[in-house]
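Engineer: The residues making up each chain are set out below.
Protein chains: 2
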Amino acid sequence: MTVHAAPRAHHLQPHPPTLILASKSPARTKLLEEAGIPHRVLVSDVDEEAVAAGHPDATPAETALLLARAKAEAVAALPAATGALVLGCDSVFELDGQALGKPYTAEVARERLAAMSGRAGVLHTGHWLIDVRGGHEPGPAAGTHDAGAAPGRGQLASAGVEFSEMQEAEIGAYVATGEPLHCAGSFTIDGLGGAFLNRVDGDPHAVVGLSVSTLRALLATAGVRLTDWWAAAVDR
Amino acid sequence: MTVHAAPRAHHLQPHPPTLILASKSPARTKLLEEAGIPHRVLVSDVDEEAVAAGHPDATPAETALLLARAKAEAVAALPAATGALVLGCDSVFELDGQALGKPYTAEVARERLAAMSGRAGVLHTGHWLIDVRGGHEPGPAAGTHDAGAAPGRGQLASAGVEFSEMQEAEIGAYVATGEPLHCAGSFTIDGLGGAFLNRVDGDPHAVVGLSVSTLRALLATAGVRLTDWWAAAVDR
Numbered sequence: 001m002t003v004h005a006a007p008r009a010h011h012l013q014p015h016p017p018t019l020i021l022a023s024k025s026p027a028r029t030k031l032l033e034e035a036g037i038p039h040r041v042l043v044s045d046v047d048e049e050a051v052a053a054g055h056p057d058a059t060p061a062e063t064a065l066l067l068a069r070a071k072a073e074a075v076a077a078l079p080a081a082t083g084a085l086v087l088g089c090d091s092v093f094e095l096d097g098q099a100l101g102k103p104y105t106a107e108v109a110r111e112r113l114a115a116m117s118g119r120a121g122v123l124h125t126g127h128w129l130i131d132v133r134g135g136h137e138p139g140p141a142a143g144t145h146d147a148g149a150a151p152g153r154g155q156l157a158s159a160g161v162e163f164s165e166m167q168e169a170e171i172g173a174y175v176a177t178g179e180p181l182h183c184a185g186s187f188t189i190d191g192l193g194g195a196f197l198n199r200v201d202g203d204p205h206a207v208v209g210l211s212v213s214t215l216r217a218l219l220a221t222a223g224v225r226l227t228d229w230w231a232a233a234v235d236r
Numbered sequence: 001m002t003v004h005a006a007p008r009a010h011h012l013q014p015h016p017p018t019l020i021l022a023s024k025s026p027a028r029t030k031l032l033e034e035a036g037i038p039h040r041v042l043v044s045d046v047d048e049e050a051v052a053a054g055h056p057d058a059t060p061a062e063t064a065l066l067l068a069r070a071k072a073e074a075v076a077a078l079p080a081a082t083g084a085l086v087l088g089c090d091s092v093f094e095l096d097g098q099a100l101g102k103p104y105t106a107e108v109a110r111e112r113l114a115a116m117s118g119r120a121g122v123l124h125t126g127h128w129l130i131d132v133r134g135g136h137e138p139g140p141a142a143g144t145h146d147a148g149a150a151p152g153r154g155q156l157a158s159a160g161v162e163f164s165e166m167q168e169a170e171i172g173a174y175v176a177t178g179e180p181l182h183c184a185g186s187f188t189i190d191g192l193g194g195a196f197l198n199r200v201d202g203d204p205h206a207v208v209g210l211s212v213s214t215l216r217a218l219l220a221t222a223g224v225r226l227t228d229w230w231a232a233a234v235d236r
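Chains as they are written, first to last, in my numbering: chain E, 1 to 236; chain D, 1 to 236.
Be aware that a few hints might be false.
Derived pair list, reagent style BS3-like, types lysine-lysine, alpha-carbon separation capped at 27 Å [unchecked claim]:
1. D/Lys24 with D/Lys102
2. E/Lys102 with D/Lys30
3. E/Lys102 with E/Lys24
4. D/Lys30 with D/Lys102
5. D/Lys24 with E/Lys102
6. E/Lys102 with D/Lys102
7. E/Lys30 with D/Lys30
8. E/Lys30 with E/Lys102
9. E/Lys24 with D/Lys30
Partner residues are not named here, just some residues of chain E that face chain D (Cβ under 8 Å, in silico) [said to hold, decoys possible]:
10. Glu33
11. Glu34
12. Glu168
13. Leu181
14. Leu192
15. Ala195
16. Gly202
FYI, nobody ran anything at the bench for these hints, they're computed from the structure. Even for Gly, the Cβ is constructed at its ideal location relative to N, Cα and C.
Could you build the full structure based on these sequences and the hints that come with them?
Structural biologist: This is the structure we're talking about:
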């Protein structure tokens, strides 16, 4: 019951909970910082291939949510997460129905960018929030429960992304900067790749890797108002 | 002729021109920096009300382009702009067919945000690029020529913006941060306002105030390849 009573007291003197981002993506940290949401980063190893292998029929969108959940659950199980809210995120880029991860090599990045030139794909970002403010449940890890029993909730944010036509020399120059090699889908809109972005249909922050409005909705289901972090900062 | 021959030499050893941003908006400077486009900021006073008064029937979209052009022409006329490319930008937010500028006061910001809650508007950003690499034309300022004779070119980027439903307390918290008071349309998606952004239909950078892909297209008409700036940075 104290958990439910707390938000009312927060309204007068905001004292929002600690948020842990279960992702080491600098782009996500930057997004949260720019959105005025204090947080710390804590990651735990997740065997992403094993998670994907466990769901061979998952669509790219479902895979993004599954991986976001796996990351959040791995961190929520750590003693250091006690008393906090844990957010896991994962992004998958879909082109022609295929999920495209990070290209890693210049050759793969060049091929993919050539395939994306003048066309549109979809960036799916899964979000999974686990409330560990009440401490850890006794017994096995959350992954062994079914979705209803898991101490968390998820939401997907997908956005269409339309690319400009890119000349071969432009693709070469982009790959030479190194930026696309370690981005899902071989591009990022919050860096150099913005030059080739014609339009987005959806939340552009989902394309960067974390939809702030989706986080706001997830927090609300946990009785937390995102704006309380702003109010706490103003009061300081 | 030398102007046309230059880009070929640049391809091997990129030596892109100097870009001057004729706007003191920190959001635009940040966008250019993140997009890897070196530039300097130079502004000149433009009587925006006089420009708008000179075109009483202009739509919000037309107004954005007119003001972008006025800013670019005022700076291009300065001796310090000789040898550079000058980019002017201006953003106008349209809701229900009305152009909404900066609210300036908390009361106006609160009213406007309440009107935007759960609804959609359009952010228009005008871009105007003037090539002063050949020096200044003799005679009167560019504004006295007709559009065809002006030594510049313009392009508009418009994007639909759909807002989440905002509670009164959330609007109050947002206004209390001060962020919306000095933003066209009383919000920004690259800061705290991202929490209330459901979706964008168009280039999200146009919403922030400068569409990088639009700049890329304008530069191409001036024989300049945007990616040459990246290549020059990689070579250093």
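Engineer: Take the hints in turn and mark each one as holding or not.
Structural biologist: Results for each hint:
no.	hint	in the structure
1	D/Lys24 with D/Lys102	15 Å, holds
2	E/Lys102 with D/Lys30	26 Å, holds
3	E/Lys102 with E/Lys24	15 Å, holds
4	D/Lys30 with D/Lys102	20 Å, holds
5	D/Lys24 with E/Lys102	36 Å, violated
6	E/Lys102 with D/Lys102	41 Å, violated
7	E/Lys30 with D/Lys30	13 Å, holds
8	E/Lys30 with E/Lys102	20 Å, holds
9	E/Lys24 with D/Lys30	23 Å, holds
10	Glu33	10 Å, violated
11	Glu34	6 Å, holds
12	Glu168	11 Å, violated
13	Leu181	14 Å, violated
14	Leu192	5 Å, holds
15	Ala195	5 Å, holds
16	Gly202	5 Å, holds
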